[in-house]
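*Asks:* In case you want the letters, here they are:
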Amino acid sequence: MRSIVRVTERVVETPSTVTLRFPFVAPAAPGQFVMIWIPGDDELPMSLSYTVGGSKGVTVKAMGDTSRRVQSIRAGDAVGIRGPYGNRFDMAPRRILVVGGGSGSAVLAPAAEAAVADGARVTAALGATQAPELLFRGRFDAMGAQVEVATDDGSEGTHGFVTTVAERLLGTEPFDAVWTCGPEVMMQKVAVAAASAKVPVYCSVERHMKCALGMCDACALGPYHVCVDGPVFPAERLLPLAEFAHAHRDPSGRRVPFGGH
Amino acid sequence: MRSIVRVTERVVETPSTVTLRFPFVAPAAPGQFVMIWIPGDDELPMSLSYTVGGSKGVTVKAMGDTSRRVQSIRAGDAVGIRGPYGNRFDMAPRRILVVGGGSGSAVLAPAAEAAVADGARVTAALGATQAPELLFRGRFDAMGAQVEVATDDGSEGTHGFVTTVAERLLGTEPFDAVWTCGPEVMMQKVAVAAASAKVPVYCSVERHMKCALGMCDACALGPYHVCVDGPVFPAERLLPLAEFAHAHRDPSGRRVPFGGH
Amino acid sequence: MSSLVADLAVRVGSLALRNPFLLASGIWGESGDSLAGAWAAGAGGVITKSIGSLPRAGYPNPTIEEYSTWGLLNAMGLPNPGMDEYPREISAARSHGALVIGSVFGSDAEEFARLARRIAETGVVAVELNLSCPHAEGYGTEVGSDPKDVEAIVRAVVGSVSVPVIAKITPNTSDAPALAVAAENGGAAAVSAINTLRALAIDTTLHRPVLAHGLGGLSGPAIKPVGLACVWQIYERVRIPVIGVGGISTAEDALEYIMAGARAVEVGTVIAHQGIGVFSRLVDGLSHRLDELGYASVSQAVGLAHGAGR
Amino acid sequence: MSSLVADLAVRVGSLALRNPFLLASGIWGESGDSLAGAWAAGAGGVITKSIGSLPRAGYPNPTIEEYSTWGLLNAMGLPNPGMDEYPREISAARSHGALVIGSVFGSDAEEFARLARRIAETGVVAVELNLSCPHAEGYGTEVGSDPKDVEAIVRAVVGSVSVPVIAKITPNTSDAPALAVAAENGGAAAVSAINTLRALAIDTTLHRPVLAHGLGGLSGPAIKPVGLACVWQIYERVRIPVIGVGGISTAEDALEYIMAGARAVEVGTVIAHQGIGVFSRLVDGLSHRLDELGYASVSQAVGLAHGAGR
Ligand SMILES: Cc1cc2nc3c(=O)[nH]c(=O)nc-3n(C[C@H](O)[C@H](O)[C@H](O)COP(=O)(O)OP(=O)(O)OC[C@H]3O[C@@H](n4cnc5c(N)ncnc54)[C@H](O)[C@@H]3O)c2cc1C
Ligand SMILES: Cc1cc2nc3c(=O)[nH]c(=O)nc-3n(C[C@H](O)[C@H](O)[C@H](O)COP(=O)(O)OP(=O)(O)OC[C@H]3O[C@@H](n4cnc5c(N)ncnc54)[C@H](O)[C@@H]3O)c2cc1C
Ligand SMILES: Cc1cc2nc3c(=O)[nH]c(=O)nc-3n(C[C@H](O)[C@H](O)[C@H](O)COP(=O)(O)O)c2cc1C
Ligand SMILES: Cc1cc2nc3c(=O)[nH]c(=O)nc-3n(C[C@H](O)[C@H](O)[C@H](O)COP(=O)(O)O)c2cc1C
Ligand code: FES
Ligand code: FES
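Residue numbers (this note's numbering), protein chains in the order written: chain V, 1 to 261; chain Z, 262 to 522; chain E, 523 to 832; chain C, 833 to 1142.
Don't take each hint at face value.
Said to hold, decoys possible - Derived lysine to any residue pairs resembling SDA-like cross-links, with alpha carbons at most 20 Å apart:
(1) K670/E to L1047/C
(2) K198/V to A92/V
(3) K189/V to T158/V
(4) K980/C to D529/E
(5) K322/Z to V410/Z
(6) K670/E to D1007/C
(7) K459/Z to M352/Z
(8) K322/Z to A353/Z
(9) K189/V to F258/V
To be verified - Cβ-Cβ distance ranges computed for the label pairs, FRET-style:
(10) D529/E to D940/C: 49 to 55 Å
(11) S333/Z to P223/V: 42 to 48 Å
(12) G40/V to H618/E: 38 to 44 Å
(13) A924/C to S457/Z: 29 to 35 Å
(14) G54/V to D351/Z: 53 to 59 Å
(15) P27/V to R516/Z: 57 to 63 Å
(16) V272/Z to A562/E: 52 to 58 Å
(17) S802/E to M1/V: 40 to 46 Å
(18) P23/V to A562/E: 40 to 46 Å
Hints were generated in silico from the structure; no laboratory data involved.
Using N, Cα and C, we set each Cβ at its ideal position, and we do this for glycine too.
Please put together the full structure from these sequences, using the hints given.
*Replies:* Have a look at this one:
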């Protein structure tokens, strides 16, 4: 189940984001994640940012110490991969709005590519602190998506939150579905906006993970286990949960409120 | 691997021989055996005397205490069955002489039936202490085999050993193969007679068995393990062995010379 | 489904369970919602994650390694939110009607007693003592391998709480029954066996243990034969009820434990393979099997394999 | 096959083996022809069935129960022809060139010493002491669970024979390394671990244990993680070489044991699944894998997983 693979390529995507590519033949679908083991260090859940064929990839944003150490992996280094785990984005919708914040594009880009390949039309609302941090902007352009951006510092696109862009787009176009990944308060806002436009929203959420097998309870989110019931959830399942956008659990299982995003 | 089945039928075949039929769906071929567990008592290797379809059977001759207890099993009793194990009679020969002594017909009858169904012609030389002990005589008749018998007391057929009958038949007809099962000194005589007639001989042999998996060494016979390399052996493999027709091993692994037969 | 006649309700001492299938400690046991989910899925009772005095993050990942479907190696390292925070999870589970058994781990009799007292205040119906985690320094097997320690810990806990106390025995010992006898002498209402077997996996490419902690504990089908032997031997030595744990994935497995002497069973690893829906399959499967064999209740089958004169 | 470069020859103390794969005791070990067959199939050495003072028939059948391909339960009951008869089997094996290690079991130090002396006279290159069979009353684990007994038995044997003495340690204990240390103190040249795990199977239709003896020992893939943990822990506590046993069915499994600290390994149950041809597959597989990983010899890999600073 666990494969030891050597990283074939390391791509710096943005100042804070790095993609690692590696051979991994198990079939995978956009939305699914792997557990990536950095020998002697840790093992982390990471969405597959490349899901097609024998060369898969993950795209890591520098957050705390661990993700920084993941970023320091070089081509040729050995890592352990198990998975893919979790569910996938449903490819039925034909007119899709993707809303990504932070490293959210890591999972949204391959999903949007698959949808476009399947004949869907995709509009992407991408948010970042500043223009160079816009992740996979080129990938969205290349797949033929209509791209709108927001930056916290106004260095490109809308000055402010990507949620503002999303709200605007939802008011102007008839989408079948919204796919979103980013901080939970962001996803919550998107979900509320889409609800009034009666568009179903699917959120890819993160929780601390250990087993990834739906057993250890580390990733509990209300009645769900993100590792097997998710990571993709229809927003209407998340919105009623006291924890969604408010708290997660640390590795000990304690509830910890989310800081600002 | 182990099935608990209820015996459906108990047939007294001869004064000393009983057949037990039971449901057992695993495919089996003539020559193969099962380990039959009499709960609370013992587990013994027994050739399948009925190999076709979902109702299999074994035919047990009263020898020592254990086989007598096996014979006391009634319809409705539960027994454990694992297997089938071991190899099978090769069905290629078209003109076959079967030579059975004692309970040997238990394995030879289903093999001969299969050969006949396959278009072969079968001659059967059956030996017993006395006429009523001739096992499966009716079965050989029914399949259209030419049957010749020998009895120790002369109550039917040739007065004396079945080997005498076999030697005579080998001198008169061009057989492709001899299949034999019975006491080893008998099989040895058959093999020697057939060698001069240049007919290949296949012997079904017995050794004490425990695992039936080729592991525990209980059934060692020279370099072979009867449970996986046999129970059917070409005679030329057996004749060179110091043990064949001379000695077997008791449950402790000690060599014990065969008594008279 | 045909109408089921066999009675699945069991009593483990004074503890009445609607069926013998308990959620094992450490599986779906960190959050109250998950405990409630296991109860809703049909468990006869749910055992919490083992809770200690202070929050523990557990070991770094990798914390698990899978062997096909026959085994699972883990070294979680007893992660838990600590006894100050955890009661709210029990309240949440109980507010959904779940029958909760609280599991605790400590480093000595005094800590066990203190934790048991606190968890008992939350309304759990029993307390299980983790005397058997095979890979946590200073806890589990390290305090549960000597009968004298087991007796002292159990006695201290029994003196501190009014609910039944269940001692969870380690299989990593030469004499599990002696530990069970010690628990009985200490006043335990029941013993449960087994916890995981001390085990290890090595990655040969990286020439290092796979789990961050190195040693871990083996669970799943591979340990069922070992758990059965422990329950069998314990049943012959104690009068208190025995709860069977280890490698149960079918009703037939559970019935093996019951016939070996278990009055109830706990299930863990199978949930990783079959999901929480396994509880209703186990319940239905056991009903059908008991019907088929002609037993009117689980109780009729308890320890039955010991009666078979050979 | 590509040309193999890795050196598979190993030394276990003074014992030189052409490769690290030994036939485990109790498998293909009752007859000299079978021992010779395992040698001809490529084993690095062959260990006899454990031999006692008198002939023993062993337990009645059923003596084994299979679990798919991941495990095997047995209670053979130490059948053996006794020390008066058995030397002829060793002679037969040796006449085919086989490197034979003699295994013996006794009920006390004196019996072990007497048996070891007699088997040593047959030309075996080493003696393995079965201190670990989990299901024979008065033998095996029953005499091998207390470090004091182990040390006394090993010391008595070492004083009686001039060939290396290997102590086979039980995993059915809370502290296998303590037993290994005791063996080392007694003068053992090596320790081997593990024997089977005490285990049980019950047939629910018949409500009785499947094996005639009731309790048995679990072997096969299921016990590999447990054997690895034992070898790992023993390696950290003794200076004498360790021989790994338990659940090896591939070269990769063997390399896990080697990296955990084993200088040689024994293989048993896999022969029931793959036949005796498994020896050449293991030999080829290990050569290829060592080549692939860049090790020139088995020795370079021994204990390597302990070096990985975490
Ligand atoms: C399903 C899923 C998909 C994800 N996909 C991506 C992705 O594509 N790109 C990306 O950059 N990040 C992704 N993450 C988040 C990632 O796993 C880490 O949580 C994130 O990198 C934060 O790490 P850190 O450096 O802040 O950890 P630290 O602040 O150093 O965290 C402290 C400790 O917690 C551990 N830890 C933190 N988060 C997790 C976690 N979720 N599970 C297990 N251990 C954790 C760390 O390893 C460390 O031991 C995903 C998370 C999940 C659950
Ligand atoms: C492959 C094979 C096929 C066989 N097929 C038949 C058959 O079709 N019909 C038939 O009547 N007999 C068959 N046998 C012989 C049968 O297994 C017994 O050996 C035989 O019934 C003698 O039993 P007994 O009553 O003499 O045992 P006892 O004299 O009571 O024997 C003493 C002990 O040895 C055990 N024992 C004896 N022989 C064996 C054995 N071979 N393996 C394991 N345990 C043994 C007994 O159970 C008992 O424990 C076959 C044997 C083998 C190896
Ligand atoms: C991931 C995991 C975590 C566990 N945590 C605990 C625990 O906290 N306390 C405890 O007593 N047992 C714990 N166990 C042991 C189980 O409760 C159970 O005894 C063991 O896994 C055997 O049962 P199974 O084969 O059904 O899983 C844990 C087991 C696993 C697999
Ligand atoms: C059928 C069988 C018989 C065994 N007999 C012995 C024995 O006589 N002496 C001994 O020391 N170990 C004996 N063992 C234990 C093995 O030598 C070995 O330690 C154990 O089976 C684990 O290895 P494996 O998983 O490769 O089989 C026996 C094992 C089996 C399966
Ligand atoms: S990570 Fe263990 S249940 Fe999800
Ligand atoms: S019966 Fe065990 S090897 Fe044949």
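*Asks:* Look at each hint and say if it fits the structure.
*Replies:* Structure-based check of each hint:
With a CA separation close to 27 Å, the supplied pair K670/E and L1047/C exceeds the 20 Å bound. Between K198/V and A92/V the CA atoms are separated by roughly 17 Å; this keeps the pair inside 20 Å, and the hint holds. A distance of roughly 17 Å separates the Cα atoms of K189/V and T158/V; the hinted pair therefore holds under the 20 Å criterion. The suggested pairing of K980/C with D529/E is violated, with an alpha-carbon distance near 51 Å, which exceeds 20 Å.
Between K322/Z and V410/Z the CA atoms are separated by roughly 19 Å; this keeps the pair inside 20 Å, and the hint holds. About 17 Å separates the Cα atoms of K670/E and D1007/C, which keeps this hinted pair within 20 Å; it holds. Only pairs whose Cα atoms come within 20 Å are accepted, and K459/Z paired with M352/Z is accepted, the gap being roughly 19 Å. Taking the CA atoms of K322/Z and A353/Z, the gap is near 29 Å; set against the 20 Å cutoff, the hint is violated.
Our distance criterion of 20 Å between C-alpha atoms is met by K189/V and F258/V, whose separation comes to about 15 Å. Roughly 52 Å separates the CB atoms of D529/E and D940/C, a value that falls within the hinted 49 to 55 Å. The beta-carbon spacing between S333/Z and P223/V, approximately 59 Å, falls outside the hinted interval of 42 to 48 Å. The supplied range of 38 to 44 Å is met by G40/V and H618/E, whose beta-carbon atoms lie about 42 Å from each other.
Between A924/C and S457/Z the beta carbons are some 32 Å apart, a value that agrees with the proposed interval 29 to 35 Å. Between G54/V and D351/Z the CB atoms are about 46 Å apart, so this pair departs from the stated range of 53 to 59 Å. At roughly 58 Å, the beta carbons of P27/V and R516/Z sit within the given window of 57 to 63 Å. At about 55 Å, the CB distance of V272/Z to A562/E agrees with the hint of 52 to 58 Å.
At about 27 Å, the CB distance of S802/E to M1/V disagrees with the hint of 40 to 46 Å. The supplied range of 40 to 46 Å is met by P23/V and A562/E, whose beta-carbon atoms lie about 42 Å from each other.
Of the numbered hints given earlier, the model fails hints 1, 4, 8, 11, 14 and 17; all others are met.
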